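Peer 1: Residues per chain, in single letters:
There are 2 protein chains.
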Amino acid sequence: MQDVLKVGIAGLGTVGASVVRLIAKRDNRLAEAAGRPIRVTAVTARSRRKDRGIDLSGVRWAADPVSLAADPDIDVFVELVGGAEGPAREAVEMALSKGKAVVTANKALLAAHGPALARKAEAKGVALNFEAAVAGGIPVIKTLRESLLGNTIERVYGILNGTCNYILTRMAEEGIAFEDCLKDAQKLGYAEADPTFDVDGFDTAHKLSLLTSLAFGTLVDTKGISIEGIRSIKPVDLRMAEELGYRVKLLGVAQRTADGVEQRVHPTFVPKDAAIAQVNGVLNAVAIDADAVDLTLVGPGAGGDATASAVIADIVDVARGHRTAPFIRPVAALTKPSRAPMTRHEGGYYIRLEVVDRPGTAARIASRMAQNNISLESIVQRRTGPVRGGTDPAAAAAPAPVVLITYATTEAAVRRALKAMDSDGILIGAPQVIRIERD
Amino acid sequence: MQDVLKVGIAGLGTVGASVVRLIAKRDNRLAEAAGRPIRVTAVTARSRRKDRGIDLSGVRWAADPVSLAADPDIDVFVELVGGAEGPAREAVEMALSKGKAVVTANKALLAAHGPALARKAEAKGVALNFEAAVAGGIPVIKTLRESLLGNTIERVYGILNGTCNYILTRMAEEGIAFEDCLKDAQKLGYAEADPTFDVDGFDTAHKLSLLTSLAFGTLVDTKGISIEGIRSIKPVDLRMAEELGYRVKLLGVAQRTADGVEQRVHPTFVPKDAAIAQVNGVLNAVAIDADAVDLTLVGPGAGGDATASAVIADIVDVARGHRTAPFIRPVAALTKPSRAPMTRHEGGYYIRLEVVDRPGTAARIASRMAQNNISLESIVQRRTGPVRGGTDPAAAAAPAPVVLITYATTEAAVRRALKAMDSDGILIGAPQVIRIERD
Numbered sequence: 001m002q003d004v005l006k007v008g009i010a011g012l013g014t015v016g017a018s019v020v021r022l023i024a025k026r027d028n029r030l031a032e033a034a035g036r037p038i039r040v041t042a043v044t045a046r047s048r049r050k051d052r053g054i055d056l057s058g059v060r061w062a063a064d065p066v067s068l069a070a071d072p073d074i075d076v077f078v079e080l081v082g083g084a085e086g087p088a089r090e091a092v093e094m095a096l097s098k099g100k101a102v103v104t105a106n107k108a109l110l111a112a113h114g115p116a117l118a119r120k121a122e123a124k125g126v127a128l129n130f131e132a133a134v135a136g137g138i139p140v141i142k143t144l145r146e147s148l149l150g151n152t153i154e155r156v157y158g159i160l161n162g163t164c165n166y167i168l169t170r171m172a173e174e175g176i177a178f179e180d181c182l183k184d185a186q187k188l189g190y191a192e193a194d195p196t197f198d199v200d201g202f203d204t205a206h207k208l209s210l211l212t213s214l215a216f217g218t219l220v221d222t223k224g225i226s227i228e229g230i231r232s233i234k235p236v237d238l239r240m241a242e243e244l245g246y247r248v249k250l251l252g253v254a255q256r257t258a259d260g261v262e263q264r265v266h267p268t269f270v271p272k273d274a275a276i277a278q279v280n281g282v283l284n285a286v287a288i289d290a291d292a293v294d295l296t297l298v299g300p301g302a303g304g305d306a307t308a309s310a311v312i313a314d315i316v317d318v319a320r321g322h323r324t325a326p327f328i329r330p331v332a333a334l335t336k337p338s339r340a341p342m343t344r345h346e347g348g349y350y351i352r353l354e355v356v357d358r359p360g361t362a363a364r365i366a367s368r369m370a371q372n373n374i375s376l377e378s379i380v381q382r383r384t385g386p387v388r389g390g391t392d393p394a395a396a397a398a399p400a401p402v403v404l405i406t407y408a409t410t411e412a413a414v415r416r417a418l419k420a421m422d423s424d425g426i427l428i429g430a431p432q433v434i435r436i437e438r439d
Numbered sequence: 001m002q003d004v005l006k007v008g009i010a011g012l013g014t015v016g017a018s019v020v021r022l023i024a025k026r027d028n029r030l031a032e033a034a035g036r037p038i039r040v041t042a043v044t045a046r047s048r049r050k051d052r053g054i055d056l057s058g059v060r061w062a063a064d065p066v067s068l069a070a071d072p073d074i075d076v077f078v079e080l081v082g083g084a085e086g087p088a089r090e091a092v093e094m095a096l097s098k099g100k101a102v103v104t105a106n107k108a109l110l111a112a113h114g115p116a117l118a119r120k121a122e123a124k125g126v127a128l129n130f131e132a133a134v135a136g137g138i139p140v141i142k143t144l145r146e147s148l149l150g151n152t153i154e155r156v157y158g159i160l161n162g163t164c165n166y167i168l169t170r171m172a173e174e175g176i177a178f179e180d181c182l183k184d185a186q187k188l189g190y191a192e193a194d195p196t197f198d199v200d201g202f203d204t205a206h207k208l209s210l211l212t213s214l215a216f217g218t219l220v221d222t223k224g225i226s227i228e229g230i231r232s233i234k235p236v237d238l239r240m241a242e243e244l245g246y247r248v249k250l251l252g253v254a255q256r257t258a259d260g261v262e263q264r265v266h267p268t269f270v271p272k273d274a275a276i277a278q279v280n281g282v283l284n285a286v287a288i289d290a291d292a293v294d295l296t297l298v299g300p301g302a303g304g305d306a307t308a309s310a311v312i313a314d315i316v317d318v319a320r321g322h323r324t325a326p327f328i329r330p331v332a333a334l335t336k337p338s339r340a341p342m343t344r345h346e347g348g349y350y351i352r353l354e355v356v357d358r359p360g361t362a363a364r365i366a367s368r369m370a371q372n373n374i375s376l377e378s379i380v381q382r383r384t385g386p387v388r389g390g391t392d393p394a395a396a397a398a399p400a401p402v403v404l405i406t407y408a409t410t411e412a413a414v415r416r417a418l419k420a421m422d423s424d425g426i427l428i429g430a431p432q433v434i435r436i437e438r439d
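Heads up: the sequence lines are chains A and B, in that order.
Numbering-wise (full-length UniProt numbering), the first sequence opens with residue 1 and increments by one.
Numbering-wise (full-length UniProt numbering), the second sequence opens with residue 1 and increments by one.
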């Protein structure tokens, strides 16, 4: 049996503590599987005194992440500090420069500096593993890096943020307004005090940018992502979705198109019988469409143990001496993605309009759609009463919305049609436009 | 860049041809990912003349699988011949004895000889990879071998046979009888002329035996599996399932219990909103319940390209020099599983009885259940008419069945209760008993 693999962990929050606990619990099993013992030998965290419910006897404390990363007596540096800059970045750079393998759960860091860090890892011939950075306990990074190499991937999409999925699930099931749901999620610890990062789609975008790179062999391009969050979703949209045979999910979608790589994060109508539509609460899911296989992977996207499971898998790969290029191929072989503009996006749309109550309005809507070559799958107009147990104060007093489901069309056509209706003076307020994604 | 990895393929059926085609198609991408070119350099198949729609120019033909396996000029031997004995086994043993890595899709071979072959691979320090042997294009072997090592696994279960899932899906959707559905499946090429291996559960059992070993660190124990196929399932069972909030799937289930490892293959009621309940047609799915994560993986369980995708992933691992013990830990560390007897199985049950039409029958049923401490979640008795479009000749004339859904109880208790009812003379024909599996 080979030497012990010495692991240094920076950050002992929920995930870090779980990593320490699960490595100790699975000690013999991990050694059998990896062919060598795996031990956490050094850590660093803000407080040494906090009771984390884990045994740290015999574990050295480093002063800070950077000095832990530089410690000659660790083999692999596990970064669980977080943040795209500052100590996390400095420590990861230090570890790589010292020729140490790095395992990180930090999607913000990788979205910002992934290729640069990968280049450093390549130069030193060490691993940079980040299974935990996307979809927590779901092994999607390994699946893309190792299991689908015989495939040409056409699309990868998923529910990548548990907070948003929790909120949308509760809004749909209980008819609650976004704000109330968010408050509950904050109380339960599913949402941060400042929820922007989650509910406005940035977290999903960071994760998507990594999936895109792995799926299409392109440089990470977070700036090329069109991002919409879930704040604008109303209970009426969820009711209409249910009625029309859909569920609403915040998806990150990356797709190969004739115009380049399309990357987008937005609330999405998904058919009710699609596998991804059944993914509720804080669960995550990733679907991959390729020429040889279509896969859907469902599991926990966050949580200490689930994320730790992914971190430990990355550590075992290092112990086994299995090293894969962080983005599958050498950074020099990654291409700059040509960005497909959102105006060229093609798909179906859910459009909810509040319109003036006068004769000819419906005809005008229909003709504006027709003028832009948009075919309608359904059109629904009726006063929708408040939903059972609903707390949406607007529902009872809302004017009758007109809801349209279109067949595949382009984003540009939809925008033109809506602009024309606005000029016609038939719209009250801004239209709600939600893209439909088919499985 | 390292030397070319020279691949020899025995068997050029649908899967073998797809492997050749996809390796050629992804040539550069595979080389970038693996760090070395991957080439199919030698093959063997029954006919050299058959047009397989693939380019075999420059590829050597070996006389038979065993001589291909012994060929000093190949690095990895891909066995796609099939069968637990004969040429497949001999060739794999030959390749391993020559110190060559082996990739195989042959679940029958591994179910029968997995540990013995793994011991040979270990002794020579070469890979024995079999991602394609279970659930086709779904990377469940890699997930168990590499991604979940930080977990203690409690249960692994899945839809592992596309033929059965296709038949059950059509029976449910169209109300067709098993025999008619099977005939259609045979016409469409989804079922063999002799369907026993699929519909009686043996194929599922072979795959399950491998998952059990990987999940629990036990020696492959195919003989320890309780096996029931789907021939006894009637359209009325699928109708009742729908009505009671379930779907019927042929599952393979392996579960850690206080009495040992429980391995079983049987038609199963799964809650309609479970992820696995949405898996229809020829798709496969595997669910893994562990202490840190619960995962569900859904994808194609068969088909040339999907299976080839898994074979290629295994080949790339060899090219990358990534070697994992076939059953995660050394064969010497695998334990002999203590078999949990099915009589101790605990769970809910669907029980459909045909009973004599006389006063007191319902009371007698209820008291026999109560005497065996079986609590009932629901009891349904009514004449069910033939389903729309149904072709089940028995449906119209069938006596009113009594359907019971029990809360968790033991198999032994259910058997005792049914035996008592039989002695009471109230049963007509054999009762239908289907286990319920909760997610």
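Errors might be hidden in some of the hints.
Intra- or inter-copy, both count: the list cannot distinguish identical chains.
[What the hints assert, rightly or not] In silico DMTMM-like links for lysine to aspartate or glutamate, alpha-carbon gap of 20 Å or less:
#, residue 1, residue 2
1, 272, 243
2, 25, 154
3, 98, 64
4, 25, 289
5, 223, 194
6, 419, 294
7, 272, 242
8, 124, 228
9, 223, 71
10, 25, 294
11, 6, 180
Treat the hints as calculated values from the structure; they're not laboratory data.
None of these values were measured; they are calculated from a predicted model.
Peer 1: Provide an ascending list of the numbers of those earlier hints which the structure does not satisfy.
Peer 2: Hints 5, 6, 8, 9 and 11 are the ones this structure does not satisfy, whereas the remaining hints hold.
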